[in-house]
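*Asks:* If you read the sequences in order, they're chains Z and U.
Residue 18 is where the first sequence starts when you use this note's numbering, and the numbers rise one by one after that.
Residue 6 is where the second sequence starts when you use this note's numbering, and the numbers rise one by one after that.
No wet-lab data here; the hints were simulated from the structure.
Incorrect hints may appear among the rest.
Sample of chain U residues with no beta-carbon within 12 Å of chain Z, all distances over it, derived [what the hints assert, rightly or not]:
hint, residue
1, Tyr17
2, Leu193
3, Leu260
4, Leu290
5, Leu327
For each label pair, taking beta carbons as the anchor points, the in silico distance ranges come out as [claimed, not checked]:
hint, chain 1, residue 1, chain 2, residue 2, range
6, Z, Gly132, U, Glu332, 32 to 38 Å
7, U, Arg202, Z, Arg136, 58 to 64 Å
8, U, Ala306, Z, Leu298, 50 to 56 Å
9, U, Phe45, Z, Leu94, 41 to 47 Å
10, Z, Asp190, U, Ile215, 50 to 56 Å
11, Z, Phe21, U, Ile220, 55 to 61 Å
12, U, Trp182, Z, Pro108, 55 to 61 Å
13, Z, Gly171, U, Gly189, 55 to 61 Å
Fair warning: this is a prediction, and the values are worked out from it, not measured in the lab.
All C-beta atoms in this analysis are idealised placements derived from N, C-alpha and C, irrespective of residue type, glycine included.
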Amino acid sequence: MDIFLQLTVSGLSTGMIYALAAAGLVVIYKASDVINFAQGDLLLLGTYLVFFSVAQTGLPWSLGVLLTLLLAVAVALAVERLVLRPLVGEPIISMIMVTIGLSSVLRGVIGAIWGPNPRSFDSFLPAGELAFGPATLATDRVLSIPIALAVLAGLGFFFRFTRDGIAMRAIADDQQAALSMGISIPRVFGVAWGLAAVSAAIGGIMLAGIVGVSPNVGSIGLRVFPVVILGGLDSIGGAVLGGAVIGLLEVYIGFYVGHGLNLVVPYVVLVLVLMIRPYGLFGKEVIERV
Amino acid sequence: MSLECGVFHTRYEADMGLRPRPVQRIRLGVFALFVLLFPFVAGPYWLNLANQVAIATVGAIGLNLLVGSTGQISLGHGAFMAIGAYTSGLLTLHLGVPWGASIFAAALVTAAVGAFFGLPSLRLKGLYLAIATLAAQEIVEWGMTNWTAVTGGAEAIVVPAPVLFGVRLNSDFAFYWIAVLTAGGAALFAANLLRSRVGRAFEAVRDQDIAASVIGVDVFRTKLLAFATSSFLAGLAGAMIAFHRNIITWERFTLSTSILFLAMIIVGGLGSIRGSFLGAALITLLPAMIDNLGRSIQDTAPQIAAVLPYAQQAVFGIVIILFLIFEPRGLSRLWGNVKDYFHVWPFAYRRGESGAR
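Can you make the complete structure from the sequences, with help from the hints?
*Replies:* Set out below in structure tokens:
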């Protein structure tokens, strides 16, 4: 039973990091109908930026995290302005390929600056273990769950109550109508990329503590697709639930079944969801159908 | 020689011809001569690269039929090539099927698998289809590495070299002729397909599927056919990789491979056969050139040489982004512009055929 608890916590914490990355994907998709294949690389950027801001500059944690977020937002805004803006209205294949190109550039630049070797540094989450009855769980993993939930709740709050959030929903609903109501689409796209960078950077900061700083972190970008499809491409709540389900599925199957099946089952789920309920659990039911 | 100021066909044969104008035929002749003479002057390094370009051209033409002409985005091309490679390799290795037959069989098997993975296109399009093919890629990749009994898992499979008339074709020089003939055949096949009823149906589905169905195109059947044709060529390319390298490893058929091929057709030009070749050449040669640069400055500037693999990755991304922003119709369009300029030279007032294909 204690193993089961341990697996559950570890699955949930992985799931919440998926959810953070997925939330970035959702925000960008909601605002601009672009699916961002570089989301994993934004996460990767987050881990290296926090390594830079804290371990390399020697700043205290609070300032280091702030610097990380600022740098991540700056990169995202530059990317939106230079790469995505010129392609607004282009076919989907262009949008997909441009974010794939972006992912390659980010990975190349990060690799050129920080090299291939994993780096390590003192985590900002306290190390050590917590005892839950018979099970002992790593503190940083346990703590990452409420942190992620808080950030995701903040994003949900943003969409429901703030001016930019409502503008973003308006644009997702009907771009023409939103434009004629005086909503600035470039501004909203910028905000969307900024938010995606923030949620990815926070995910990156937690990953830096939990699994360390290494180029492999970027592979999470692909593992996020089952999460967003399961939850619905335009739902933050769906990202949370999808993240939890996929995270748990991965650890349970990894432990009880093995054979690397934990890596492939999420994609089988993805295909099933696409065939049965393509808009996901919480997505809006208007998707392009044939 | 008379100066042309436009294209004026007077016969239907000329209008329907693939290469109706003398200039086009001369250009093709020069290119054919170059291809014929190339292996006699080039060293083994360049021959190897040429073979890679030829194989990539086959795969890129296949992907372009699906993505460029039919508008169905696939991130699973690498998986289809894997199925071609493993099928042909295993047929020859275990059952002793002659290499020619096993390559053809592999292409057919891949076409069937491709049509199967095209089934989601019944309900999905655009983004959702792209994600479904991504899942297909991941599932096939898992199969390659974990179905150890058949694929050997992470171990490489060694494939016997092809034999023709008792001669072992294990050199790049010998393989060159097979590769070039296949690439040429694939190009001819695609060019003829695109101007047939089926090819026109592909383009109709891409441009407006509802309108296509109204004028009598069976949309779903057309999409499946596009998936099958595209996968046939992907399987062919995969099988040729197996026989070119004489070795099959799963690393050559990952999602990165799918992305590489998508990059080829984006950079070359969507829906263009010439573009498939130009894109395949650029995307194959660019990393090789950067590698060369790395080796040449290894001693003088080791710091820069150490960073070059990453620079290579970044340059790959930058090339895709720049083409998408500045020339979405790719190298094919650039070449078309050059031709158009000289076509009516020195008269600039009338542009001839644009570089559609």
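*Asks:* Look at each hint and say if it fits the structure.
*Replies:* Consistency of the hints with the structure:
The Cβ of tyrosine 17(U) lies farther than 12 Å from every Cβ of chain Z, with a closest approach of about 34 Å, so its non-interface assignment holds. With a closest Cβ-Cβ approach of about 26 Å to chain Z, leucine 193(U) is found to remain outside the 12 Å limit, as its non-interface label requires. Leucine 260(U), annotated as away from the interface, has a beta carbon of chain Z within 12 Å; the closest lies near 7 Å. Remark: the non-interface label on leucine 290(U) is consistent with the geometry, its nearest Cβ contact in chain Z lying 17 Å away (cut-off 12 Å).
With a least CB separation of 9 Å from chain Z, leucine 327(U) falls inside the 12 Å interface cut-off, contrary to its annotation. Checked against the hint of 32 to 38 Å, the C-beta distance between glycine 132(Z) and glutamate 332(U) comes to roughly 34 Å, which is consistent with it. Distance hint for arginine 202(U) and arginine 136(Z): a CB-CB separation of about 59 Å, consistent with the stated range 58 to 64 Å. Between alanine 306(U) and leucine 298(Z) the C-beta distance comes to about 54 Å, which sits within the given range of 50 to 56 Å.
Evaluation of the 41 to 47 Å hint for phenylalanine 45(U) and leucine 94(Z) yields a failure: the beta carbon distance comes to about 55 Å. Checking the proposed 50 to 56 Å range against aspartate 190(Z) and isoleucine 215(U) shows it is violated: the Cβ atoms sit about 23 Å from each other. Between phenylalanine 21(Z) and isoleucine 220(U) the beta carbon distance is about 59 Å. The supplied range of 55 to 61 Å therefore holds. Remark: the range hint 55 to 61 Å for tryptophan 182(U) to proline 108(Z) is contradicted by a beta-carbon distance near 38 Å.
Checked against the hint of 55 to 61 Å, the pair glycine 171(Z) and glycine 189(U) passes, with Cβ atoms roughly 59 Å apart.
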